[in-house]
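Chain B: place on chain A using the hints.
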Amino acid sequence: MHDPQPLPILIVDDDPAIVSAVADVLRMEGYEVDTAGNGAAALTRVEDALPGLVLLDMRMPVLDGWGFARALRERGVQVPTVIMTAAHDAAVWASEIGADGYLPKPFQIQELLDVVARHVSPTPEQA
Amino acid sequence: MPTDTFLWLLTQALFIGVFVAVGFRALRHPEAARADVALLFGIISAVLVISDVGQLEPLRSAAWLTPTLFALVSALPFVMLRLVDDFAPQPAELVAASAALTFGLIVAPFLVPQPWPVWLQAAPEVWFVGLGGYASAAFLAGSTRARGVTARRMLAVAIGCGLLALVLLLSLLDLFLTLPEPATPIVTRLAALGAGVAYLLGFSPPAILRGAWQVPELRRFLERAVELPRLPDTASTVAALEAGAAASTGATAAVIGLWQPERRTLIYRQANGELLETREDEFIGGMAFSLGRSLFVANAAADDPGHAERYRQSGARVVLAAPISAGERRLGVLTVFAPRAPIFAEDDLRLVELLADQAAVILESRALIADAARVTAREETTRLKDDFLSAAAHDLRTPLTTLLLHAELLQRETTRAGGTSGTNRVDRIVTEAKRLRELVSELLDGMEAERGHMVLHRQPTDLVALAAELCADRATPSHSLRLETDGGITAEVDPNRVRQLLENLVDNAMKYSPDGGDVIVRVRADDESAFLSVSDTGIGIPASDLPHLFDRFHRGSNVDDRRYHGLGLGLYICRGIVEQHGGTISATSEPGAGTQFVVAFPLRAPAEATEPEPATTAPAFATTSAEPAPLDTPPTSTEGLGSRADA
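From first to last, the protein sequence lines stand for chains A and B. For the first sequence, the residue numbers in the numbering used here are 1 to 127. For the second sequence, the residue numbers in the numbering used here are 1 to 647.
Next comes chain A alone, as it looks inside the complex (with noise of 0.2 Å):
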């Protein structure tokens, strides 16, 4: 069901409890996966590859997620982004950087793959 070469889906969190939950559920469902500890490390990853999506945590240290999404908009990187965040403000952070959708933690699988699959199911231009 997913593209031949699906873009990975690159997951931004400084919990690796998370990073790799979040990554063994990607990856039994057959998506490809990045992971970074924080926007920094997400920026050298996204200048290696285009991701097809980025799951973003808001708070983390050396460059949070505020931080991580101007420096995408400075580069003129444009790639889909759900925000996760154990936050109450999430759909007003998602807003704040223009994030596509927001993923308040704690969240279950079904609603973890139901965000992911709306931003990287084969698409016309994707396919």
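Because the hints were derived from the structure by calculation, they are not lab data. Glycine is no exception: its CB is placed at the ideal position from the N, C-alpha and C atoms. Careful, some of the hints might be misleading.
Some but not every residue of chain A turned toward chain B, in silico, with C-beta under 10 Å [as the list claims (entries may be wrong)]: (1) Asp15; (2) Trp66; (3) Arg75; (4) Met84; (5) Ala87; (6) Ala91; (7) Ile109; (8) Gln110.
Structure of chain B alone, referenced to chain A:
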């Protein structure tokens, strides 16, 4: 006219003039101290007049003349001692012994036939120089102990007594030695005039001089006053004001009663630290407070007999009280006390009024500083709460995410492996993790609502579309969710909050109708308001619970905690969201038949509360160009958590 004659006449005029003034005052306000002052000037005037009149021919040889002069001069030192006693109490034995000796000296000249022995001739002068010197020293000592106007008045009296003693000393020396003839009368007359002036200033200072003496005290008080509002609490400020007022007036004590408008009482802090609460018109301070003007009371026990014992115990005889008010607002009353009458006069009332005015300014500043501190503390508390909420949200939700994902992964793996042994236990873990998620979410949302200043991000929101999306998401096999509406209704609300509100109400409806059934969501509007309602056919709410339904941590009395999990925050959160939007929420219920919640919102935000549209309605990173969906068509998205319609 020779100089000494002029001085003599001036001295006589001064003493007689002052005698008339103080005598008149003593008659108008009979007071022991005033009588003593009048007596002093009366005797001196009499001595001066009689010794002059005695020079005239018909009286020159009168037998009573010399004994009378002797008796008067002998009586003077005792009057001085009485005055010292009025200002600063003297040993009773001293007063009694002096009285006896004075009596002896008054009668002796009439009993002992002339010519008198030298000891009797010198007796009044020796007596005068001795006791007058003592009085002068006592007034001087009192002056160094006293403060303010009183200190200056006592100094003047001390000088007066000293000069008068000098006059008598010169006369005594004249009796035994031959002094240079021209010098003696001049010195004597200058000293007598000086004594007159000093007594005038000490016992009856003109108002203008009293005012001038008060200025430095007032200035010193004001210099200290600058620091007073910064003292750590109102009690310290009041104590410092009291000490300052007592020092400035030379009073034994000053007290401030603070007005408690809600209780209609005045509260004083007593020396032992205990509070004394009085009626607003109790004590002389209370009378001044209720009358709204300052009062001078010369004999407190007589004027306020109800509290006579209390005045006696605290040694308060003379009381001056002035209300403390800032503009129209009454703050309290300042009362100063003195144990004896001559310390104060009505002129001092002006100083007490000035001090009361100053106290008002300081208490007002103190109140402002306290207000500012309270606001800062509140802001600090709010900030701490925000920090805690933010930390709690992160620290609770993050591990829960991992727990939930791993539990579900395990569940999937177990199911996929076809094993049956662990399935039940894994299912249990997933169920409990989900339950924990609901509780944490409820708790954190409740705390958010508790903060009371939820930030609303209002935007035109299609309520019908929002409800339709939610009904599609939330329907379960056991509960059907039905939406009833007249058509497109757009309101200026925060879509995320309204969605949270509807979710809470719908979840609530399903939770409390355990046997399944219809949950009906209605969305309607009139010209001004939108109405959302959610009704179920569940267990209902007992009438006794309805008034507390939206309170924090309230759970229905018919709700079994083991069966229906929750913290009792869901409806509290709903109320917070509704009130934040300027709306109302209410419930009607029939136990066993079902419940209906009705929410009403204004369609438009109040003008001042409207926030600018967020600039991010078009996602910057969109991979596909999304046409903004018309507001009256349901979004194609079924993402339960995101708010945006994707193409």
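_Contradicted hints - numbers only_ = 2 and 3
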